[in-house]
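Using the sequences and the hints, build the whole thing.
Chain order of the listed sequences is A and B. If you use the working numbering, the first sequence corresponds to residues 47 to 322, in order. If you use the working numbering, the second sequence corresponds to residues 11 to 321, in order.
Hints are computed from structural coordinates only; laboratory data are not their basis. These numbers were taken from a predicted model, which means no experiment stands behind them. A couple of the hints might just be wrong.
To be verified - These stretches of chain B come out as covered by chain A in the derived footprint (C-beta under 8 angstroms, 3 or more residues):
id: 1; stretch: 54-62
id: 2; stretch: 70-84
id: 3; stretch: 104-114
Claimed, not checked - Derived lysine-lysine pairs resembling BS3-like cross-links, with alpha carbons at most 25 angstroms apart:
id: 4; chain 1: B; residue 1: Lys227; chain 2: B; residue 2: Lys300
id: 5; chain 1: B; residue 1: Lys142; chain 2: A; residue 2: Lys54
id: 6; chain 1: B; residue 1: Lys134; chain 2: A; residue 2: Lys54
id: 7; chain 1: A; residue 1: Lys54; chain 2: B; residue 2: Lys100
id: 8; chain 1: B; residue 1: Lys83; chain 2: A; residue 2: Lys54
id: 9; chain 1: B; residue 1: Lys285; chain 2: B; residue 2: Lys256
id: 10; chain 1: B; residue 1: Lys291; chain 2: B; residue 2: Lys252
id: 11; chain 1: B; residue 1: Lys39; chain 2: B; residue 2: Lys83
id: 12; chain 1: A; residue 1: Lys281; chain 2: A; residue 2: Lys196
id: 13; chain 1: B; residue 1: Lys100; chain 2: B; residue 2: Lys134
id: 14; chain 1: B; residue 1: Lys117; chain 2: B; residue 2: Lys83
id: 15; chain 1: B; residue 1: Lys117; chain 2: B; residue 2: Lys134
id: 16; chain 1: A; residue 1: Lys269; chain 2: A; residue 2: Lys281
id: 17; chain 1: B; residue 1: Lys140; chain 2: A; residue 2: Lys54
id: 18; chain 1: B; residue 1: Lys142; chain 2: B; residue 2: Lys100
id: 19; chain 1: B; residue 1: Lys279; chain 2: B; residue 2: Lys252
id: 20; chain 1: A; residue 1: Lys54; chain 2: B; residue 2: Lys117
id: 21; chain 1: B; residue 1: Lys300; chain 2: B; residue 2: Lys252
id: 22; chain 1: B; residue 1: Lys291; chain 2: B; residue 2: Lys279
id: 23; chain 1: B; residue 1: Lys83; chain 2: A; residue 2: Lys318
id: 24; chain 1: B; residue 1: Lys300; chain 2: B; residue 2: Lys256
id: 25; chain 1: B; residue 1: Lys83; chain 2: A; residue 2: Lys317
Even for Gly, the Cβ is constructed at its ideal location relative to N, Cα and C.
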Amino acid sequence: MLRLELFKIFRRPRTYISFLIMTAVTFLIQLAMYVDGTSFVSFAMAGVGEQFDIGGNILNGYLVTYLVLQSLLIHIPLLVALVAGDALAGEANMGTLRLLLTKPVSRTGIVLVKFAASIFYALLLLIWLAVVGLGLSILLFGTGDMINLKSDAFVMLLEHDIMWRYMLAFGFAALAMTTVAALSVFLSVFGDNSIGPIIGTMGIIVVLTIFSNLEVPLFNVVKPWLFTTHMIAWKGFFDNPVPYDAILQSVMVLVVYIILFIMATIVVFNKKDIQS
Amino acid sequence: MEHIAEVRGLTKRFGSFTAVDDLSFAINKGEIYGFLGPNGAGKSTTIRMLLGLIHPTEGEVFINGEPFRQNRKRSLQQIGAIVERPDMYKYLSAWNNLEIFARLSRKHIPTGRLHEVIELVGLKGREHDKVKAYSQGMKQRLGIAIALVHDPELLVLDEPTNGLDPQGIAEMRDLIRTLGTHMGKTVLISSHLLYEIEQVATHMLIIHKGKKMAEGKVSDLLNPNETIFEVRILPDDSILEKLEEKGWGQYIAEGGNSSALLFRMHPRKMPGLNKFLVEEKVHVLEIRSKHSLEEYFLSLTNEQDAEVGTV
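Dropping the structure here:
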């Protein structure tokens, strides 16, 4: 069943739009850095350069990849939602859901397969991002020590101490995108076309991200419970030392959200009257 | 005779609206069972409940004697269906669509079987075209191929001639006859057109506003020597049982509301029935004769159209 689902996803031209968009954004950032990266780095390092003497290849593939990841923070969930939000609602919209459900397959099975296919797609997107983002950036800009600029500090990471951080960050991103996929599949169960679930997913992520980022006491109470607060924990891998406890906590929160979304989808879908 | 599908007391309410109201019927093996009713009568809702797409508010569906709810997968393995429009994955070829749904049927289906059904429905040579290039008639035939591919005992075809041109309708009719007569399939076919059902079905059920109006062999129901009588009475809970007991076998079913009864009988028998009702202290408000089931069905359809017109 999963193979059939992947076959359906990857035979649709719109599936590849996400890969194209991601390639284009990555390429644009790389191009901008290639053409005018030196002035960007000197501008960013203006304050730091006065107090520290920094040498070597600062504008390297690792830094560019970090910039790419920062820029794609809001885009990748949208790209995941494009496919995951379509999971059940798209079938309802095409009218194939009723045909699918007259076959001897369980509704729970359908939800799990749709979810698994969405994860597979999200993973492929991330692998593609690793190839064009990290791979191509290293090819274009080479490697070097990485400076991670934060609002109140900067972290200097040595060249040989970076690759494993990227591997773990991509692994964490996979979990974060699985959460987005689970939310999208959940919203997809209510829709009779995929627009609602896609916009719904993005709306929820945008609103909750604002909650997660605003320094307002009222929001501070709910912040630790929002999945958006934890989705950006991949940045922790570029700290020194890596805050493993906080990251592990984020992993646990995201896993709980994924389980809740999937269970809710299964319950709602099993009770649903198919009228599309 | 063994029932391949049986529906007992099926009711579906959407909020305060009752789409299907205490409906019971049974389909025997080998029948081409016509399911007739004006638009909005509850046919699609009933078919969806029969297939498990919609959960009944009350009542139960049995497939080969087993309750559907507890044996959903096994029941569905024995059914092939088209519900309303035959929608498929338009960006895939007919062959890909057929392959996908064949695999989902959980039976081992050799490639030869796929060729066989493609040929049967007359799509040979066009099977590798994308479905988006298909006409409505071709989609309908592909829908039947998908419904047939796992060799089910029961085919459920919901308004299969909808949207087809006259030639398409004739071809579909031939195909349904072939499935029933030559291939021994049991077919449940729904329509809002009496002549459609009349031409292919061996048995039929008429529903109106979610209730059963008439059921039986097509040849009996459309017998020109018999007349349909609609008897309107003040609501009486016990009268249905008494009618059954006293052998008023011509009694067909209760009407659109609980105070209307339908009888199919020779006009000479009517006074006897009237006498019986009076003796049973049933308040008879009106007895109306409709010359044939066709006329009766037409009056239902007109009534429905008038209601739609006033909305």
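To see whether the hints hold, each was checked on the structure:
no.: 1; hint: 54-62; verdict: holds (count 3)
no.: 2; hint: 70-84; verdict: holds (count 3)
no.: 3; hint: 104-114; verdict: holds (count 5)
no.: 4; hint: Lys227/B <-> Lys300/B; verdict: holds, 19 angstroms
no.: 5; hint: Lys142/B <-> Lys54/A; verdict: holds, 15 angstroms
no.: 6; hint: Lys134/B <-> Lys54/A; verdict: holds, 23 angstroms
no.: 7; hint: Lys54/A <-> Lys100/B; verdict: holds, 11 angstroms
no.: 8; hint: Lys83/B <-> Lys54/A; verdict: holds, 23 angstroms
no.: 9; hint: Lys285/B <-> Lys256/B; verdict: holds, 13 angstroms
no.: 10; hint: Lys291/B <-> Lys252/B; verdict: holds, 12 angstroms
no.: 11; hint: Lys39/B <-> Lys83/B; verdict: holds, 20 angstroms
no.: 12; hint: Lys281/A <-> Lys196/A; verdict: holds, 10 angstroms
no.: 13; hint: Lys100/B <-> Lys134/B; verdict: holds, 18 angstroms
no.: 14; hint: Lys117/B <-> Lys83/B; verdict: holds, 12 angstroms
no.: 15; hint: Lys117/B <-> Lys134/B; verdict: holds, 23 angstroms
no.: 16; hint: Lys269/A <-> Lys281/A; verdict: holds, 17 angstroms
no.: 17; hint: Lys140/B <-> Lys54/A; verdict: holds, 13 angstroms
no.: 18; hint: Lys142/B <-> Lys100/B; verdict: holds, 5 angstroms
no.: 19; hint: Lys279/B <-> Lys252/B; verdict: holds, 17 angstroms
no.: 20; hint: Lys54/A <-> Lys117/B; verdict: holds, 20 angstroms
no.: 21; hint: Lys300/B <-> Lys252/B; verdict: holds, 24 angstroms
no.: 22; hint: Lys291/B <-> Lys279/B; verdict: holds, 19 angstroms
no.: 23; hint: Lys83/B <-> Lys318/A; verdict: holds, 17 angstroms
no.: 24; hint: Lys300/B <-> Lys256/B; verdict: holds, 24 angstroms
no.: 25; hint: Lys83/B <-> Lys317/A; verdict: holds, 16 angstroms
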